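Peer 1: Single-letter residue listing:
Number of protein chains: 2
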Amino acid sequence: MPARRIHVAILQHAYQGDRLATLRHTAGMLEQAKQKYASLDLVVLPELHPYAYFCQHEDPSHFALAQNYPQDMEFCSHLAKEHGVVLVSSLFEKRMEGVFSNTAVVFERNGAVAGIQRKMHIPDDPRFYEKFYFTPGDNFAPIATSVGNLGVLVCWDQWYPEAARIMALQKADVLIYPSAIGWVNDSSESAQEKALQREAWRGVQRGHSIANVMPVITSNRVGLELDPSGHTRGLLFFGSSFIYGAFGKELALGTQGEEIVYACLDLEESKETRLMWPFFRDRRIEAYGALLKRVVEES
Amino acid sequence: MPARRIHVAILQHAYQGDRLATLRHTAGMLEQAKQKYASLDLVVLPELHPYAYFCQHEDPSHFALAQNYPQDMEFCSHLAKEHGVVLVSSLFEKRMEGVFSNTAVVFERNGAVAGIQRKMHIPDDPRFYEKFYFTPGDNFAPIATSVGNLGVLVCWDQWYPEAARIMALQKADVLIYPSAIGWVNDSSESAQEKALQREAWRGVQRGHSIANVMPVITSNRVGLELDPSGHTRGLLFFGSSFIYGAFGKELALGTQGEEIVYACLDLEESKETRLMWPFFRDRRIEAYGALLKRVVEES
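Protein sequence lines correspond, in order, to chains A and B. All residue numbers for the first sequence refer to my numbering, where the first residue is 5 and numbers rise by one. All residue numbers for the second sequence refer to my numbering, where the first residue is 5 and numbers rise by one.
None of these hints come from the bench; they were simulated from the model. Being a predicted model, the structure only gives us computed values, none of them experimental. Mixed in with the good hints there might be a few duds.
Reference listing, derived: stretches of chain A covered by chain B, where coverage requires no fewer than 3 residues with Cβ under 8 Å from a Cβ of chain B [as the list claims (entries may be wrong)]:
#: 1; stretch: 275–283
#: 2; stretch: 291–298
Chain B residues, not near chain A, derived (Cβ > 10 Å throughout) [what the hints assert, rightly or not]:
#: 3; residue: R8
#: 4; residue: L24
#: 5; residue: H125
#: 6; residue: P127
#: 7; residue: N143
#: 8; residue: D190
#: 9; residue: H212
#: 10; residue: G261
#: 11; residue: M280
Yeah, the Cβ is synthetic: ideal placement off N, Cα and C, and Gly gets one too.
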């Protein structure tokens, strides 16, 4: 089978103190990436990249950020067109009064919106109070683009084998997860626990790559962000963005600092590998009914 | 939470040339394991451990092996009782004329049958012609024992996130996979490809441990087994049996030779970890309908 190679860059960056400065910073990194990799096809940004990670506390004033959704889309559209790349952004969307979403927006090389995917699984634990801000998305659907069928999901979605599988069953070519994951910025968790968390985060997504025989691209934020409420010492986003090939092979792994994380992906590799590892052939769909239950109670 | 520790041993061994010699070999290894770990609770054997891996070719004479199912059960029952351990065996079962299963049988410490689980997903690729021999099992159900609720599955089942999830939703405490996986015994696949296969095998199951926040115990055969048809140079079973803790932490990893692979598992660890990584809380069951489809065709 002929190769179908795409050049992918993740722009792993920190929040720059305000929204417009951060968007300009993104633009600068994209320019660098394009200089380094002239034939760049696909660029992935971290979750909620233009903003501080505002979910560290519950404050209704943060909903005002979503008013910028049209301008943020326009900025990203311009970036995609200027550099001729497919761009995966992650923005704060207001759908109607009282309904806000954590929304990945994908732009075509000509700046057109190729599609959006709203975050489906919404987390809520200390310092990640996302259930206050985000209404869950409606459904899972890959986004057709000039580089392939993109199975875009958002952060917490990455822990769910169901989400990855549903994208694969809809013929996504690749899974893409903009993320914002960090450690608590204090000693309440040991270095060993923190390492285990990061390795679990990578490991579960490597599992999706293997089980679905398809590549995975995951971006993450970096840097320390303080807790505006002052109740905690904030979050340290740990970067470590990564790209896996079609059977869990590590193609790129970022540091904890700002960085362009690059790999060349062959989207035909999945096809070949699925012929000898035909997991999709043998699924027992008639025995999977329990997957649609919350818990299977004892009878 | 108080710990609920269980001592687990995998008896990673090779086929000994005939069925009874192999069962005696298993008995000898269990005796050794019991001498080394006096408080042993749970013992896991490789897939189809009393027999040659007979699926390298399609030969109806091999169905005769299933006539030994009652005697093989009796042998294993005796082993469990003699050493006071819960024992996970993997046998060839005849359910009726023309219906044969690849069946994990679990014995209680007193030798009673705690339950069985038939292999649900049946592979079929060159040198693994299992669809000729095995009718798929009916359903997924954990087996209640004195050491916990065991989510036992068999080999090819280990590549399916659906199977692991359904066991977890039925409150399994641990996933257990008797396996028979090996490399082709020739140079048609490079050393690099072979390594990638083994790492994918471990990685997908590590993914189940993380996504379901529960331990995984996987046994494998070792040794070269020739192809009785003479058409190929046979299979080299690669051992590498492993035990992961409740969040993908590697607790034990076997070599490629015969070996007792041991770990002490804390079954309470899942409970604690699930409080801070509450994946089960946030599943989007109303959006998972596509999991019950073979392929989601374009509309």
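Peer 1: Which of the listed hints are broken here?
Peer 2: As far as the earlier hints go, 5, 6, 7, 9, 11 are violated by this structure, in ascending order.
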